[in-house]
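Asker: Here's the letter readout for the chains.
Number of protein chains: 2
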Amino acid sequence: MNKAYQELCELNKEIALLGSAAATLGWDQETYLPAKSLKFRAEQLSYLSGKIHGLSTDDNFEAKLRAAEESGAANSTEAANIREWRHHFNKSTKLPQELVERNSKTTSHAKAAWAEAREKNEFSIFAPHLQDLINLANEKAELWGYDDEPYDALLGSYERGAKTADVAKIFNEFEPKVTELAKQAVAKSASGKPRKLEGDFPIEKQQILNQEVAASIGFNFDAGRIDTTTHPFCTTLGPQDVRLTTRYYAHDFTASLFGVMHETGHGLYEQGLPDDDYGFPSGSAVSLGIHESQSLLWEAHVGRSRGFWNKWFPRAQELFPQMQDWSVEEFLQTINQAKYSQIRVDADEATYDLHILLRFGLERKILNGDIDVADIPAAWSEKFQSMFGMKPKSNTKGCLQDIHWSMGGLGYFPTYTLGNLNASQLFNAATQDAAVKTSFDNADYAPLLDWMRTNIHAHGSTYLPQDLMMKASGENTNPEYHLAHLKRRFID
Amino acid sequence: MNKAYQELCELNKEIALLGSAAATLGWDQETYLPAKSLKFRAEQLSYLSGKIHGLSTDDNFEAKLRAAEESGAANSTEAANIREWRHHFNKSTKLPQELVERNSKTTSHAKAAWAEAREKNEFSIFAPHLQDLINLANEKAELWGYDDEPYDALLGSYERGAKTADVAKIFNEFEPKVTELAKQAVAKSASGKPRKLEGDFPIEKQQILNQEVAASIGFNFDAGRIDTTTHPFCTTLGPQDVRLTTRYYAHDFTASLFGVMHETGHGLYEQGLPDDDYGFPSGSAVSLGIHESQSLLWEAHVGRSRGFWNKWFPRAQELFPQMQDWSVEEFLQTINQAKYSQIRVDADEATYDLHILLRFGLERKILNGDIDVADIPAAWSEKFQSMFGMKPKSNTKGCLQDIHWSMGGLGYFPTYTLGNLNASQLFNAATQDAAVKTSFDNADYAPLLDWMRTNIHAHGSTYLPQDLMMKASGENTNPEYHLAHLKRRFID
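Line by line, the protein sequences are chains A and B. Per the numbering used here, residue 112 is the first one in the first sequence, and the count goes up by one each step. Per the numbering used here, residue 112 is the first one in the second sequence, and the count goes up by one each step.
Treat the hints with care, as some may be off.
A pair counts as met if it fits within one copy or between any two copies, since identical chains are not told apart.
As the list claims (entries may be wrong) - Once the Cα atoms are required to be at most 25 Å apart in a straight line, the calculated BS3-like pairs of lysine-lysine come out as:
1) Lys-422 with Lys-147
2) Lys-299 with Lys-216
3) Lys-582 with Lys-548
4) Lys-280 with Lys-304
5) Lys-504 with Lys-494
6) Lys-450 with Lys-304
7) Lys-124 with Lys-150
8) Lys-508 with Lys-422
9) Lys-124 with Lys-147
10) Lys-147 with Lys-508
Keep in mind that the hints were calculated from the coordinates and are not lab data.
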């Protein structure tokens, strides 16, 4: 390691220390902060993020970065870190302060307007703000630069290196097949008349089951924990400190359990990143589409599988006596139902991607100016009808349902479906190994986790997402594996 | 407010933001931090405290401080802030970096040696480290400066403006009287044969009672909370964010309750400081001796009083059915027993100060070189015998029992007894007001809290502790009020 690279590392360590302090304050805000201290917490976080932004974008950073680039990297990890630091430096410094502040003001107003519009089912309240956000997104895209279309720049903020045309190609191949498959799955589920959960599932018992499951699939509770919040999340506060959260419903223990398995998937990825590279690209998750592949792997491929419940159903019956007259088969049928829903976050595995494909298509048109803001509700409705065979009941249950746009998150949605596709593809690749497959069937997930540790987690951000997919599975993201998975689960 | 003062305020606001972030990390470390992330947490805290130290001691701080001093203060609050900032700046900058680092290394070794010495009951393991700590304390005292004796400089670190001779005068007057009073109290308690608590007190029920009591005496749970830790404490993370902790014993609900009332007393003081001056001397508690007066006021004067239990005992009986055949009288006798104990932290109100008086006398001799380290066990034993009528059972239960010296905390102990004396004196002053007294007798503590808000909390550190006592109670700390309180509680 040469001196220039080392100095760049020291500066980035300082930034990571400040970032981890801010992350801790953020976690506390969601879990334990007393109501009246929200305002001061915002002041603390704004101070820290100002410091972090300053250190990562000032002349000193650039000088150290340039020196490291000129001295050259001693190995591929150093090269990847320099590459990623340059990428983020350019991205952060291309937006003038004026725009950053305008962005913050615009989203803050837009969020309030969105909440009101959703409450009142009046798209027109949100429309002018959405127009502002679209203009801003286009401004940012122009400043960041893009190859083919402005959407590239936005998508690339969430999925490093992704290009709209490539994603569109994948999604276009995927869409008709998954739409048809969803239709069949919904019909089959409806005819099966699955049983409903009944009675009360005490929260303490749910916590016991969640904790046992998370530990058994490999979450290290000496380097992490689970708390309760309204909106579940996973956040990393340090190299050995991964905090998950979940929420509980007294009438349905599976909601918190699958929530915990989902966040545990994120947490296993974070716990599997190289500790010594904490805060560096080589010690950080590479993209949302890869992160989501890990959460979905454990929630859907493991958590909703027959082998998993062959092992865990007796334990659930022990904790929840009202489950004692259920068979594993009945339970699997209940947790793996396909059903069209108006609301994305209520959707099951079979229909979830339809929601995303709809949003991706619309966002791309919006950014390219192919559709006016005022026409979004109609376009949403038309596409929804064609995919789901029904109209949205209202704008509140249609184009106003998600918070993402109001936060300026145009370009975020496709990472959910990329996550689904990657999860199935990586699961398929891992289970090509006979030992992984046999263990999986016997509900022993250590070999599966090992495979992910070696092929995904250990690499941090040294490979771009699609290069990582290629290295791990032998090909770029390919929808066939997810289609095959859905067919096995819902149709066969 | 002139420009120079305003700039000094802005700098101190920044320091307060960093300090509050560090406090949050510290709180998390004690409450929820996963075991493996201790090392990284130490790195984060060391980074933040380095930043804070840098900002509060560098040339920029001094220049701004000097400019504010030269411009003059617009009012007494500004004058007090400038006075205190100068005091702390001088104190922090008088120690060279080399000594600060040596201090940190010495205490770190001393803590380990103390733990081993205590474990093995071998004073000789700790002795050389204690000698190092004494040398260091003397070095610091010389650098900080003092009027009469080195102990002044140490005591003054915990009790702003206190002088050893003044404290000694108070304690010398107090000691023979409290020693005699303790003797009578112990004899009287023994003859009363108090009942013992029996059975299990479920922690969830203890939490309910603690929460109700803390809220009813005025703790604002929208600006604070209670969590569980091995060692109870109160810490402030922001102007509206005061975190208390406690621990639970299944066999004794009063331990956590009195613990919570003690920490609530600290918390009420913190919640009563001026929010807008958060992080400034005018918005900060003035000293340990005043802070402890607030915790003891609520724990001892309120929590162990007849009026309090006339109101709360029925609720305790509701929560803990095994208390149903107890009378309030029996319960008061049980919670207000006087009994000599070897261990300071196990001591009751009547005997607690004897432990402190012993330590104060010894510390002063140690610092003045009137006693050798090797002779401490014998000196401890002799004094203990004369005060408690028994010998320490071992050094572990004698001069090795407290962690304070191993942390370099020479000069800290007297603040406990100052707290006791101040609590009784302030309680007496407050209840001179007939409305406060009547409400107190009826277990309505709002007027008592109002009195403390107005006479103590609102002033932050604008007055020195003894000036504050004078302003609030009409005289400096005077042991007569505490003696009268103990006599009423244990003898009459």
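Asker: Against each hint, give a clear statement of whether it holds in the structure.
Answerer: Outcome of the hint check:
1. Taking the closest pair of Cα atoms, Lys-422 and Lys-147 never come within 25 Å of each other, the shortest separation being 46 Å inside a single copy and 30 Å across copies.
2. When the C-alpha separation of Lys-299 and Lys-216 is checked against a cutoff of 25 Å, the pair qualifies neither within a copy, at 48 Å, nor between copies, at 70 Å.
3. For a Cα distance limit of 25 Å, the shortest separation of Lys-582 from Lys-548 inside one copy, 20 Å, qualifies, whereas the shortest one across copies, 78 Å, does not.
4. Taking CA atoms no more than 25 Å apart as the test, Lys-280 paired with Lys-304 passes in neither setting, with 37 Å inside one copy and 86 Å between copies.
5. In this assembly of identical chains, the alpha carbons of Lys-504 and Lys-494 lie at most 25 Å apart only when taken from the same copy (14 Å versus 84 Å across copies).
6. Proximity of Lys-450 and Lys-304 under a CA criterion of 25 Å is satisfied intra-copy only: 12 Å inside one chain copy versus 71 Å between copies.
7. For the homomeric pair Lys-124 and Lys-150, the shortest alpha-carbon distance between copies (15 Å) is at most 25 Å, but the shortest distance inside one copy (28 Å) is not.
8. Taking identical chains as interchangeable, the C-alpha atoms of Lys-508 and Lys-422 are never at most 25 Å apart, the minima being 38 Å within one chain and 53 Å between chains.
9. Only between protomers do Lys-124 and Lys-147 lie at most 25 Å apart by alpha-carbon distance; the minimum there is 19 Å, versus 33 Å within a single protomer.
10. For the identical chains of this complex, Lys-147 and Lys-508 are neighbours neither inside a copy (32 Å) nor across copies (44 Å), given an alpha-carbon limit of 25 Å.
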